[in-house]
Amino acid sequence: MSLDLYDRLRRLKEGVDAANRPQANVASASSRAGRDLDGWEQVAPLVYRRVTELPLPAGARPADLTALPSRSFLLPRSQAGAAAVDAARIGFFDLETTGLSGGAGSYIFLFGLGRVTGESFTVEQLLLGDYPAEPEFVSRIVTLLGECELLVSYNGRAFDSHLLSTRFLMNGARVELPAQLDLLYPARSLYRSRIGSCSLSDVEREVLRIERSLDVPGFLIPGLFFDFLRGADVAVLEPVAAHHLEDIVSLLRLLLRIEADLAGFPPDAAIDGYQSARLLLRRGFPDRARALLESLAEGSSPGLHVLFLLSRLYARAGEIPACEALWRREFERTGSIPAGIELAKILEHRRRNHEEALSIVEQLLDYPEKRVGGWKDALRHRRARLQRRVGGNRTR
Amino acid sequence: MMLAARMDSLRGVLEGLQADPDFMSCVGKWEVIPPREGSYAPLPDDLDYRLKEALASRGVSRLYSHQAETYCLARGGRNVTVVTPTASGKTLCYNLPVLQSLLERPDARALYLFPTKALSQDQQADLNDSIIFGSLPVKVSTYDGDTPQSVRVSARETGQIIISNPDMVHAGILPNHPKWIKFLRNLAFVVIDEVHTYRGVFGSHMTNVIRRLKRIARFYGADPLFICCSATIGNPLELAGRVIEEETELVDRNGAPAGEKHLVLYNPPLVDRVQGIRRGVVLESQKIALKLLKAGVKTIVFSRSRVRTELIASYINEALANVYTDNDRIRVEPYRGGYLPNERRAIERGLRDGSIRGVVSTNALELGIDIGGLDAAVLAGFPGSISSSWQQAGRAGRRSDLSLAVMISSSSPLDQYMVKHPEYFLGRAPESGFLDPDNLYILLDQLKCAVFELPFAADEAFGPDTPQCLQILEESGVVRLSAGKYYWSDRSYPAEQVSLRSATSDNVVIIDTTKGRNAVIGEMDRPSAKELIFDNAIYIHRGSQFVVTQLDLENRRCYVEESTANYYTDAVVKRDIKVLNEDERTEAEGCTAVVGDILVRNQVAKFKKIRFHTHENIGYGEISLPEEEMHTRSVVLLFAPGSASGGALGRLAPELTGAVVARLGTVIKNVAPFFLLCDPRDIGVAERVRDPHFEQPALYVYDSYPGGSGLSEAFLGKLPEILSAAHELVHDCPCEEGCPSCVGPRDPQEELDANPKAGTDQFLSGWISALSREGVHES
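Listed in order, the protein sequences are those of chains A and B.
Just so you know, the numbering used here puts 132 at position 132 of the first sequence, and the rest follows in order with no gaps.
Numbers given in the numbering used here equal positions in the second sequence, counted from 1, plus 396.
Worth double-checking, as some hints may not be accurate.
Pair ranges (Cβ atoms, derived) [to be verified]:
#1 B:V969 <-> A:Q180: 55 to 61 Å
#2 A:L208 <-> B:R953: 38 to 44 Å
#3 A:Q387 <-> B:R953: 34 to 40 Å
#4 A:R10 <-> B:E1117: 18 to 24 Å
Computed list of lysine-lysine pairs in BS3-like fashion (alpha-carbon distance at most 27 Å, straight line) [said to hold, decoys possible]:
#5 B:K881 <-> B:K911
#6 A:K345 <-> A:K376
#7 B:K881 <-> A:K13
#8 B:K1004 <-> B:K683
#9 A:K370 <-> A:K345
#10 A:K13 <-> B:K1114
#11 A:K370 <-> B:K683
Hints listed in this document are in silico derivations from the structure and should not be mistaken for laboratory results.
Virtual Cβ for every residue (Gly too), placed ideally from N, Cα, C.
Chain B on its own, in the form it takes in the complex:
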């Protein structure tokens, strides 16, 4: 479809919506962001003629200002952090200086790191497809867990650009660095893409992996330059600097032009005023997406779960189903992580070449993969963070064209808060990322790997307190001190025992056994498998419906058969916590803190059968699966009567006790990451009005990392600051009854008369003033 015609169609849809009183009455805010001119720069003078030709063949005759800026800085020997949204030519920012250097000096080498195997493989495919590399004498190789052995040797020996991921570098490349000598000796560039994902525990591991990489590069005489790419977060420069532990220059003025952008916050209408029930987000997003697709607008729908992704895509395709017009020639595909790589590749290609007009995706498509330009983004529910929202909304909009992003609120209190307080959503800075590479648990694990790679001189530093850390390793028997050096002296391969991520990477493979077939159709991580593909669950894959005949967790296999049921399934997940032991009880800050081991259990015992389209609950089924258990460390705060905290809690209206303790948990989750230098996902909180073990109100703060990650211990150490910050946050927050920035929005399901935010404020104020009255306290 011609550009003008397409734009007319989107404008037509927008005008149609604006003229529709039913639609407009649901709109919380319709924001128009004016178009932005592009800011350009000529191609650099020193560019190799072959590179110029390759760019010309792709239609590139000049650069965006930020691409030119990055090129200058990198060629000038400065580390760079590039912060620009998707679809702004980010890859050229790093490819240009790297390629130019490789053409000048064919011996030089570059390492490209992407956060997941899937992303790095997709990048490789992208690089191979793109014309720019076809004509250049540069060898690009992917090196990850899926790379066949025969290719590995060739990649090591002759690959000039190696595309990999942190896990492979950690467990495959660095421990075998002598095999990589040719590559490491000449390592000139390290590109870290999506650097904003390296936060919390994962980010802390990554910093240490980079420490090891630099250490080994130094051993071979190399000192690579770093180019980091980040999405818009609160502190990209700081985060990148903490990951690579060097200074970087910031490039964040986006030189790419942008068309006029419409941002609509939409709240589905009430269907039952009395009970306050609204139309569901699944059906609403399907309707809006359909309207856009039928008008010829290329649309992406982001949904919050895999199941919803499949449902929305199926509903859209059913609505389009028309044999006579071949579905109006509109092809809509679902997209999520569990698909096979060739399926994902095909969908991305279809989006780029226009044969696929619409895609419904989980947040898998939020990050970098090039899917061409889309004109509209429909967010089925608030994605959970401000920065994710802007990333997803940012997927719509090409160079200078009109674009639309609609966020449709679900009935959850958080979503409802967003649409009712648009100034909060629009005015809020995106979240910042924190990490703590010197967390002792992480540091020691990584130090083991570093010693395995190269012996340590007694005065060599790897994070703080290295001599004492090495002594701890020596006492545990894996390291030997001899003639002033520490040597690895154990038969094990330490990198194997250290996982960079809290989730295990054991995926369950999904196998279609209809009519004797035996075809792998997808995969899923183990914990999700228990909740989504239990026996008798309905599994939807790219719109096709299957029923699970057997989930064999031990062998990581799930067998499915085609099905035509008229319902889908939704597991009811129960979470609970069991105290395993108490290591230490401390009276601190007017409460009792108990540090110990706990077991966090997720149990799926039942599932609901939900009819398609009407979404009524038409029955239940039983599930018999072992619980998903995580053994970890926690600190439990107890508010004993007679203590400062217990007294303050007791003075509240009784109906508020549970709600306030829960809100304290929410506030802590909001505030603690700043002090603990972790990601909110690295800690879990759970409240108990009357805890079965402690027999009083309790708040658990635990490490969401099996075996613990040192955060709950650190929490205890920072309790005074965290408490004070929590109080300040609640007390000074301008909201009335609670908002996502302080105690969380008000939840009508709680059925409270009193104001929970005021209650929390009262609790914290009472607690803190009782503390200062009592004078000095020891931990």
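Looking at chain A on its own, in the form it has when it is part of the complex:
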């Protein structure tokens, strides 16, 4: 039965049932001034604030945190490698929103920023009491962000920062966001191969080994805010505020954990050493990347991609003997065709040891058809060239 819209319109125009009309989603005049909410401080009409001081995560000492920027792999560094950001001015932030689309009709209703303050981790949460208060709400967010040199988030690059920019624009605030570090990408590099999905809750559970009890499911959150708007007690938002707070604390925990995993030696078997090495290379730590790869290469079955990357690093540094040793060891261990070819290449082009290169290629061509089938053409080509060179050398 479809609603008869024309009929409804007519009744509304005529003022029929004006008295009985449900008014759930209309803000009453009295509510405009903003009611007092338990556990929140009203800092402006319909803008609420809560500050929570928490101890630092287990095992993290204040001194470690102050020193982190100068030892960090993820945080920005200056040209000379010194810390480029002050630990106290790193903002760990997260948003709760009314929708996931990021379009003009998705509002931020809860904004949280956490910072290391001496011996504690202090999180400030701002709650939007109703939509008309957005300009004031946004201006307070801008003030908070202004105190930060770097923002740390999870998936902020694709979602949260865009939503912030949108809300700024819609409220006439022309603000540039500070530099950002999105932990989703390093988390994927290190942990995806082991745990699969890298949502914050998955990473929290599988990597940080934290189980939240009675956590509110994400898909219920917007609905709870709408209930609050329609007059429900602020207590309905407690689980949301708690969930939000916990997400922010986990950002700090995760940052520390990823740093530790990247610094750890030998590398934890639980992290993806290869992807971590690539991450380190991207961040400008070739020595560390190399050490990681070398320790993987010495392991039981390193995988060709590891060897190729390490070999490339050696070659870039001009360390040919290391290259040769790497591939020789692998070839002796497994007899694999790619290893043999790499070794032959080095022997031919770098060491000018054409005889040994040729003997390796012959060895490979002797492999059973099933194994060498697709490589035959390339190997024969290589053999022909080597034979010419060996022959040439002999006649000289």
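Put chain B on the given structure of chain A with help from the hints.
Same frame as chain A, but now just chain B:
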């Protein structure tokens, strides 16, 4: 081939036809439209030198009068509606003022809207190919569903001309307008091409999308100028004005020259006088096209269906097949919507550069795409509307050259009527377009999108009765009123749930799996897929023949393999209606009107196998596919005995009852759109002599839009006027037994002795006079 030689060849063909008594005996009318001189104007003085150079490099040293007129008006800050046929330099009408403004002010921005993604992508390709843009520092970007993410950001940030379509603007751009701030803040021009396609429900949505666009542009401080381009319809100025809700200036005097144009209405000869069977339109159009192609005449054949397009093209290519002469070096290609974009691009290019001499197309090539000039157009069957006929015929004819358009009638009563009454066809004004943007169903859906984009002040207007509409949204829980403003307060993204078109855009992808291949060769919309590419159907794609091994509707895939069958397939479609519920029964205007929900079902259960060339039916096959169902609203008119209508119906000869009720449906379809402000395609009619649910004669009038679009409700409200107009139309129509303007032409298959038009007239007259005798009636 040299111009003179080519023209000689067409004139030669024309003279040959005129001298052929067999051909001439089938001609219903041979009309010659004399050539027209061009009307020119110099290039505008203020034109940037770079633009002048770019035009010169394309051989343009002066403008047609209508291009100059548009330029003046647009530069003078007036909205313009340009009405000129294809091949009259329409794109320069809008490109010139836009480019000039962009060169003067590089910050300015323009939005070009085309009705379909295919058209807008083709325009972009065209713009990129054309020299005029090569040398100009103007960035043109397409922004639609196919645009890759990486390109989207760059398009938003730096694209000066954005080419898009209404669906993308509705669901992609406007809801994310803060990302578009640079573009919207500087929006100076909005070009709406093919504005005549925005009619009915689709047009009503478009008006609302434009309302939203203007609202957001205003928010950022912009007030763009509109340039609309329309084909020749009955009311282009009015329609454009209703779409953009502003006044526009009309430019409709075509300054492009036109050569002598021959228009021939041809009726294939009878092959069986007794049964009245004529030669088929497929074979006849193939013959005529072949004659033209062999004489070197560049020809387009328009056919009414995809299958016929492929058949005609295949037959022509088979007839040309000759290894020794390489088919006489004549290349003929089929063209239709289901081809991949690069295939379509290649065919268009081939037509422009002359390597393709002939093309057989569905009405896909009726609209704007530049395919160079053609010399002859063969219409295989009446296209269904007068304006389409002129558009298709208008594809033939270049600047000052001779051209020919031949319309070949099929055996359908409508086609037969056209060729037998040429004065009707030639004298009739093209159809007008109507729309109703304030249809409450459409308005509310669009209002949701508007609130999502920007909160509404309590006194802001978006169509009529906005405060009450916002209240309805607030009651349904998606909008919140606070401090005098309405805010979007729901987690959903409303634009996602609102489709501008009644057809879903889920296409079925066609995959060639011959010999383990896995290549996408084409696509087709879902409803058509059920009727054309069911299991065991023969699918013809660009002349290659495939058989369908599996149609997987759920996953939108159809698997085909190459085939060499000697037949093609034709599904037998059965349509039927099931009443789901009755909401309201009213005695109105001497009949009973029942408003409720219905299910319209199209079922394909069987298909025919039809031999190529002879077109004999050589067998049948079974199809097991779910029915295509549409749940919608309808109003059913019942003619109960004892009521004014029932009485009038009862006084007719019994054999006429069904025919007259059917004709009433046809008349209503002709008349109601004017009162309901919709397009004829937005409503469906179906008659039942003895309806299974109501057990009496019934006429269904329903919304051809899933879920309903408010038209059947509105129909009930306008029933008195519609009835009176219907009566007038039939009574005053000068035709004898029925024509397309009133009850539809007489159909020999009905096997009636009595005159159905007279019967309808009698029915309506009797009904209406019984009403006035009975006095005042309440709805």
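Do the hints match the structure? See the list:
1. Taking the beta carbon of each, V969 of chain B and Q180 of chain A are about 58 Å apart, inside 55 to 61 Å as hinted.
2. Restraint check, L208 of chain A to R953 of chain B: a C-beta distance of roughly 43 Å satisfies the suggested window 38 to 44 Å.
3. At about 53 Å, the beta-carbon gap between Q387 of chain A and R953 of chain B misses the expected band of 34 to 40 Å.
4. Between R10 of chain A and E1117 of chain B, the C-beta spacing of about 20 Å keeps the proposed range 18 to 24 Å intact.
5. This hinted pair does not check out: K881 of chain B and K911 of chain B have alpha carbons roughly 64 Å apart, beyond 27 Å.
6. The hinted pair formed by K345 of chain A and K376 of chain A meets the criterion: a straight-line CA distance of about 16 Å does not exceed 27 Å.
7. Between K881 of chain B and K13 of chain A the CA atoms are separated by roughly 19 Å; this keeps the pair inside 27 Å, and the hint holds.
8. For the hint linking K1004 of chain B to K683 of chain B, the alpha-carbon distance of about 25 Å falls within 27 Å, and the restraint holds.
9. A threshold of 27 Å between alpha carbons decides the hint, and for K370 of chain A with K345 of chain A the separation of about 23 Å falls inside it, so the pair holds.
10. Straight-line distance between C-alpha atoms of K13 of chain A and K1114 of chain B comes to about 21 Å, which keeps the hinted pair within the 27 Å bound.
11. As the CA atoms of K370 of chain A and K683 of chain B are separated by approximately 60 Å, the hinted pair breaks the 27 Å bound.
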